[in-house]
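For reference, the chains in residue letters:
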Amino acid sequence: MNKIICIPKITVLIMSALMLTCLSQARAQGLGFEGDKRAEVKLEDWQCEYCPKPEVWDMSLAVHFGVTDEEVYRFANYTGLDRQSQLFFSGDIKMQTEDGHYWSTHFRNLGLDSLALDSAYGKQGSYRLGVDYLAIPVRKYAHLLTPYSNKGGMLQLPGDWPTSADARDFADLSLYRPLATGTDWKRLGLELSLNEDDDFSFDSRYQRWHKTGTLEYSAAQLLNASYLPLPVDQTIQDLSASMSYNRESWLLSLSAAFSRFDNELDSLRFANPYEPLAAGADSGQLALAPDNNALKLTLHGQYRYARDSFVKLNYVFGKLTQDQAFVPYTDNANLLTALPQTDLEGKVNTSDLTAQLNHRWDRAWAVRIKYRYRERDNKTAPLLLRPVISDLYVADALMTLPYDYSTRSASATLEYRPMAGHLLNLGYKNEEKERNLQAVHNTNEAGFNANYAATFSPEWMLKLSGERLNRDSSTPERLDFLGVEENPLMRRFNVADRQQDSARLQLFYTPSEQVSATVSGQYSHQDYVASELGLKDNKLHNANLDLSWHPNETFDISLFLQQEDIKTRLAGSDDFSGPRWQARNQDKITSYGISLALRKLLDDKLSLFINFDRADAHTYIRLDQAGGSDALPTIASLWSHGELKMLYQYSTHTELSFSYQYQAFDSADFAIDGVTPGSLPNLLTFGTSSNNYNVSYGLVSVGYKF
Amino acid sequence: MVKSSYNRLHSFRYLRLALLSCCLQLPLVAMADAAEPQASPVSTLELKQAADYSKDGADTCLGCHDEDSAFPVLSIFKTKHGSRTDPHSPLAQYQCESCHGPVGEHGKKRLRKGENREAMITFTRGNEIPVAEKNAICSSCHEQLDKRHWAGSSHQTGEVACSDCHKIHVKEDPIRLKQLQVQVCGSCHQAEKLASKRFSTHPLEYGQMGCTDCHSPHGSNADKLLVADTINDTCFGCHAEKRGPFAWEHEPASENCALCHNPHGSNQPAMLTQKVPFLCQNCHSSAGHPSLAQDSSRLSTPYASSSALLLGRSCTNCHSSIHGSNHPSGSRFQR
Chain B
1 MNKIICIPKI
11 TVLIMSALML
21 TCLSQARAQG
31 LGFEGDKRAE
41 VKLEDWQCEY
51 CPKPEVWDMS
61 LAVHFGVTDE
71 EVYRFANYTG
81 LDRQSQLFFS
91 GDIKMQTEDG
101 HYWSTHFRNL
111 GLDSLALDSA
121 YGKQGSYRLG
131 VDYLAIPVRK
141 YAHLLTPYSN
151 KGGMLQLPGD
161 WPTSADARDF
171 ADLSLYRPLA
181 TGTDWKRLGL
191 ELSLNEDDDF
201 SFDSRYQRWH
211 KTGTLEYSAA
221 QLLNASYLPL
231 PVDQTIQDLS
241 ASMSYNRESW
251 LLSLSAAFSR
261 FDNELDSLRF
271 ANPYEPLAAG
281 ADSGQLALAP
291 DNNALKLTLH
301 GQYRYARDSF
311 VKLNYVFGKL
321 TQDQAFVPYT
331 DNANLLTALP
341 QTDLEGKVNT
351 SDLTAQLNHR
361 WDRAWAVRIK
371 YRYRERDNKT
381 APLLLRPVIS
391 DLYVADALMT
401 LPYDYSTRSA
411 SATLEYRPMA
421 GHLLNLGYKN
431 EEKERNLQAV
441 HNTNEAGFNA
451 NYAATFSPEW
461 MLKLSGERLN
471 RDSSTPERLD
481 FLGVEENPLM
491 RRFNVADRQQ
501 DSARLQLFYT
511 PSEQVSATVS
521 GQYSHQDYVA
531 SELGLKDNKL
541 HNANLDLSWH
551 PNETFDISLF
561 LQQEDIKTRL
571 AGSDDFSGPR
581 WQARNQDKIT
591 SYGISLALRK
601 LLDDKLSLFI
611 NFDRADAHTY
621 IRLDQAGGSD
631 ALPTIASLWS
641 HGELKMLYQY
651 STHTELSFSY
661 QYQAFDSADF
671 AIDGVTPGSL
681 PNLLTFGTSS
691 NNYNVSYGLV
701 SVGYKF
Chain C
1 MVKSSYNRLH
11 SFRYLRLALL
21 SCCLQLPLVA
31 MADAAEPQAS
41 PVSTLELKQA
51 ADYSKDGADT
61 CLGCHDEDSA
71 FPVLSIFKTK
81 HGSRTDPHSP
91 LAQYQCESCH
101 GPVGEHGKKR
111 LRKGENREAM
121 ITFTRGNEIP
131 VAEKNAICSS
141 CHEQLDKRHW
151 AGSSHQTGEV
161 ACSDCHKIHV
171 KEDPIRLKQL
181 QVQVCGSCHQ
191 AEKLASKRFS
201 THPLEYGQMG
211 CTDCHSPHGS
221 NADKLLVADT
231 INDTCFGCHA
241 EKRGPFAWEH
251 EPASENCALC
261 HNPHGSNQPA
271 MLTQKVPFLC
281 QNCHSSAGHP
291 SLAQDSSRLS
301 TPYASSSALL
311 LGRSCTNCHS
321 SIHGSNHPSG
331 SRFQR
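Going down the list, the protein sequences come from chains B and C. The numbering of the first sequence is the numbering used here, which starts it at 1 and goes up by one. The numbering of the second sequence is the numbering used here, which starts it at 1 and goes up by one.
Check before you lean on any hint, since a few could be wrong.
Once the Cα atoms are required to be at most 20 Å apart in a straight line, the calculated EDC-like pairs of lysine to aspartate or glutamate come out as [said to hold, decoys possible]: (1) Lys78(C) to Glu55(B); (2) Lys605(B) to Asp527(B); (3) Lys55(C) to Asp36(B); (4) Lys78(C) to Asp66(C); (5) Lys42(B) to Asp66(C); (6) Lys224(C) to Asp36(B).
DEER-style ranges, computed between Cβ atoms [said to hold, decoys possible]: (7) His289(C) to Leu194(B): 53 to 63 Å; (8) Ser75(C) to Thr590(B): 31 to 41 Å; (9) Leu254(B) to Ser75(C): 54 to 64 Å; (10) Lys37(B) to Ser75(C): 28 to 38 Å; (11) His289(C) to Phe448(B): 52 to 62 Å; (12) His541(B) to Gly114(C): 22 to 32 Å; (13) Gly114(C) to Leu426(B): 41 to 51 Å.
One side only, chain C facing chain B, incomplete, derived with CB under 7 Å [claimed, not checked]: (14) Phe71; (15) His81; (16) Leu194; (17) His215; (18) Glu249; (19) Ser307.
No lab work stands behind these hints, which were simulated from the structure alone. What you are looking at is a predicted structure, and each value in this text was computed from that prediction instead of being measured. Note that CB positions come from ideal geometry on N, CA and C, so glycine has one too.
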């Protein structure tokens with residue numbers, strides 16, 4: 001799909017005119033402030049005698065002991081606080097010498113699954129060598145149930161499993177074992193930067209993510225499905241390097257990045273818990289995420305011909321490859337046929353070209369023009385395959401669909417500053433997308449935007465923005481090669497004709513150093529004007545308030561409040577004709593919180609912090625159809641968090657702290673509540689997978705600064 | 001019945017709009033008062049242009065600006081900006097006056113009654129010094145960053161000052177600590193900050209991730225200041241298992257992850273933008289089960305055979321490999 005890069009004529013004209021203007025400009029002016037009398041300064045007399053001498057060593061260590069009550073699994077999500085009592089450490093070590101060499105190490109949560117550590121050695125303004133380590137515990141569900149056990153890459157059922165066509169026969173809980181799902185993410189990073197030369201800089205980084213654990217997955221057996229505990233053992237390795245060369249008006253840089261994904265488990269076999277619907281369909285096999293590689297090369301250049309006027313060019317070439325060996329069509333020996341090739345030989349080339357011109361005529365007027373062309377060119381040869389559906393029957397031959405995308409976007413913005421502190425931007429943008437093998441080949445979205453920023457005084461600032469975009473799509477084509485016939489009235493929302501309006505307001509009020517208030521609001525409406533079926537419209541509005549008051553150094557208080565409302569309307573048809581039903585979905589989320597700090601109590605030794613946050617969310621779903629209107633049960637969730645923290649400066653070097661946290665999540669969701677093993681005829685579930693928890697957590701810490 | 005409650009809601013909406021417009025007018029009136037021109041015949045920059053530099057450099061400033069002053073500055077000596085050995089550092093150049101301009105009359109020891117101390121170049125948000133001029137002072141050293149990224153970025157053109165996000169007279173700039181980034185960025189991006197408090201989010205609240213893991217606030221080639229060239233490339237940085245290419249691609253997944261996910265946080269599992277199956281039905285209405293209305297009758301036993309379409313993981317109860325499948329029989333994302 002190599003397309004000729006097509007730049008709209010108007011953009012070419014404007015860019016040419018501005019390029020001519022550029023040529024007539026003076027050389028780039030210097031940046032920064034330089035007083036007229038700088039040359040008179042005798043720097044050798046500036047001894048900096050009062051400047052504090054850098055401490056060669058600066059170290060601190062804190063020991064933490066935490067206690068939680070019983071239900072901690074979900075609380076450990078991201079925090080790593082997964083035991084009823086934990087001892088862990090945090091600290092800093094910094095060393096710096098007078099010649100600019102430094103070594104620094106920070107660590108926190110040493111002793112928990114959420115350890116973070118980074119260390120760097122280098123010389124200021126010369127080079128830096130860094131190493132970092134990060135662990136993220138992702139904890140999903142604590143009390144699931146599964147009959148499956150992983151034996152040598154095969155999920156097996158207990159020997160006395162009551163194979164049946166109906167999952168309600170799987171209600172004997174003695175056949176299940178407890179399961180907790182979650183993954184541990186661990187990242188190791190190494191960095192090297194060189195920047196001694198004012199003109200040249202070099203940065204490189206290697207990082208390795210390793211993810212292990214168990215996730216929820218599922219597999220279908222045509223009319224039935226079963227939940228499977230999916231073992232995870234994945235590695236992502238990234239190596240990147242970039243170098244830049246900077247000369248007065250010019251900057252050139254070249255970057256390369258390589259990424260490799262390895263999955264230790266490329267497939268997973270599982271026993272069919274249901275009575276096979278065809279001979280030999282006793283088991284199935286999943287193909288898990290395939291090993292793959294990604295490479296990117298970026299070339300960037302910029303010429304600055306005046307202080308705020310420049311031309312930038314950026315070109316990125318990318319390549320994705322994937323050659324993981326295919327698993328067989330099916331686990332059913334009766335239906336096994338030969339594959340046309342052993343792997344996909346997947347290849348995707350990507351390219352991304354951006355040209356940008358910013359030109360300032362004077363303090364009041366400037367213009368910005370940007371053109372971008374992006375392409376995802378899927379070079380993978382289409383394969384004619386004969387899928388075996390749920391290991392039961394051979395479907396009609398189907399061609400794989402290597403999707404290509406290309407996007408051309410252009411934007412022009414005129415900037416006007418009518419007076420100091422006031423800024424108005426008026427812009428136009430256009431984006432044209434082409435897709436292959438999809439019902440809608442082209443979409444073209446264009447529209448205007450405006451934003452206004454005003455600093456009326458140091459106390460008042462206002463930002464307003466608005467945008468209207470219209471998207472037109474090409475006439476949908478009937479696709480005979482999909483294997484599934486879509487209702488011709490359906491318009492997929494990402495390619496449907498759309499009118500989009502959005503507006504945003506922000507108001508900052510800072511009457512003094514002690515008080516600040518921010519009010520903001522956002523509105524957006526996407527109207528899918530030509531869609532008879534599918535998403536009809538989507539509305540979002542939110543309002544936010546932040547207040548803080550800091551009357552003196554001993555007291556501060558801040559409050560926040562947000563309300564967000566997201567509404568969508570969807571039309572469907574259950575008889576392959578025009579709209580027969582409509583679903584209205586509303587997500588309403590209210591968040592609020594307060595933070596209070598009292599400092600310098602008890603002879604300036606005690607500080608007290610109180611913090612409370614709450615997020616209250618509801619999802620309302622209503623279905624309207626010929627028979628009447630009907631509402632699904634409201635989905636509700638309430639997340640609360642409260643914390644009381646005391647810091648006591650015991651001595652110059654020693655600080656004691658005590659904190660008490662309360663965290664609770666309480667939800668009601670018809671889709672998961674009460675869905676136990678055996679409660680549905682066609683779904684072998686993990687049981688009720690509620691996320692609810694309620695935890696009290698106490699933490700005592702002793703910090704020592706050496 | 002439905003119509004009358006709709007009308008009632010509608011009338012409330014007008015009432016709300018009226019109230020909102022009144023509320024908005026109050027601060028605008030106050031702002032208009034505040035916007036009365038302040039007598040400032042000579043701007044600070046003009047004043048400093050001709051001013052004398054100090055005789056003793058930083059020693060002149062530190063005579064007053066110690067830790068007990070209203071503007072304590074000594075913590076800068078624990079940072080890169082306070083290094084005298086690095087020739088790039090302001091302290092190795094014109095010391096405090098590298099950034100704040102020549103001291104001029106600011107250092108005058110005695111002021112007459114009612115006389116204000118001469119201003120220095122300061123970086124307080126909203127003061128009379130234009131944002132571009134403040135930023136140019138930072139860019140005079142951070143020139144590569146300015147050229148490569150900042151110039152032309154949405155933050156630069158949106159009048160964001162370096163000092164709106166960075167603090168340099170402190171031991172540790174808060175925005176460089178990932179656990180504090182949500183607070184700093186959230187002072188303008190309030191909706192995104194609060195989304196991080198929802199049920200399904202990235203680990204922003206706990207500092208394992210920061211805003212800068214996905215966004216490059218100094219500018220980037222991508223929309224929304226993303227660190228990678230596209231939304232998908234940004235997500236694949238950590239979620240490379242979804243990168244493919246797959247034998248069977250799910251076209252929205254290979255086009256744009258954000259069509260189905262809200263990475264800032266959502267009230268739905270997996271940061272989905274909407275409850276499944278309705279999210280899927282936005283695009284799928286083929287004959288058979290994808291086109292069925294999933295109403296409350298699906299919750300009760302007579303229709304229980306269809307419940308798996310609505311309950312549990314809904315569509316992904318069966319179509320579990322929804323990001324793409326590399327199974328030769330994975331055309332329906334079931335393997």
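Going through the hints against the structure:
1. Lys78(C) to Glu55(B): The hint holds at about 8 Å.
2. Lys605(B) to Asp527(B): Given pair Lys605(B), Asp527(B) is violated - Cα atoms ~59 Å apart, limit 20 Å.
3. Lys55(C) to Asp36(B): Given pair Lys55(C), Asp36(B) holds - Cα atoms ~15 Å apart, limit 20 Å.
4. Lys78(C) to Asp66(C): holds (14 Å)
5. Lys42(B) to Asp66(C): The given pair, whose Cα atoms are some 24 Å apart, is violated under the 20 Å limit.
6. Lys224(C) to Asp36(B): Violated: Lys224(C) and Asp36(B) sit about 40 Å apart, past 20 Å.
7. His289(C) to Leu194(B): 53 to 63 Å: holds (59 Å)
8. Ser75(C) to Thr590(B): 31 to 41 Å: holds (39 Å)
9. Leu254(B) to Ser75(C): 54 to 64 Å: Violated, since Leu254(B) and Ser75(C) (Cβ atoms, about 38 Å apart) do not stay within the stated range.
10. Lys37(B) to Ser75(C): 28 to 38 Å: holds (29 Å)
11. His289(C) to Phe448(B): 52 to 62 Å: At roughly 42 Å between Cβ atoms, Phe448(B) and His289(C) fall outside 52 to 62 Å, so the hint is violated.
12. His541(B) to Gly114(C): 22 to 32 Å: Since the Cβ atoms of His541(B) and Gly114(C) sit about 50 Å apart, the hinted range of 22 to 32 Å is violated.
13. Gly114(C) to Leu426(B): 41 to 51 Å: Between Gly114(C) and Leu426(B), where Cβ atoms are some 45 Å apart, the hint holds.
14. Phe71: Hint violated; Phe71(C) Cβ to chain B Cβ min 11 Å, cut 7 Å.
15. His81: Cβ of His81(C) sits 10 Å from chain B, so the hint is violated.
16. Leu194: holds (4 Å)
17. His215: violated (17 Å)
18. Glu249: For Glu249(C), the interface hint holds, since the closest Cβ of chain B sits about 5 Å away, which is under 7 Å.
19. Ser307: holds (5 Å)
Violated hints, in rising order: 2, 5, 6, 9, 11, 12, 14, 15, 17; the structure is consistent with all others.
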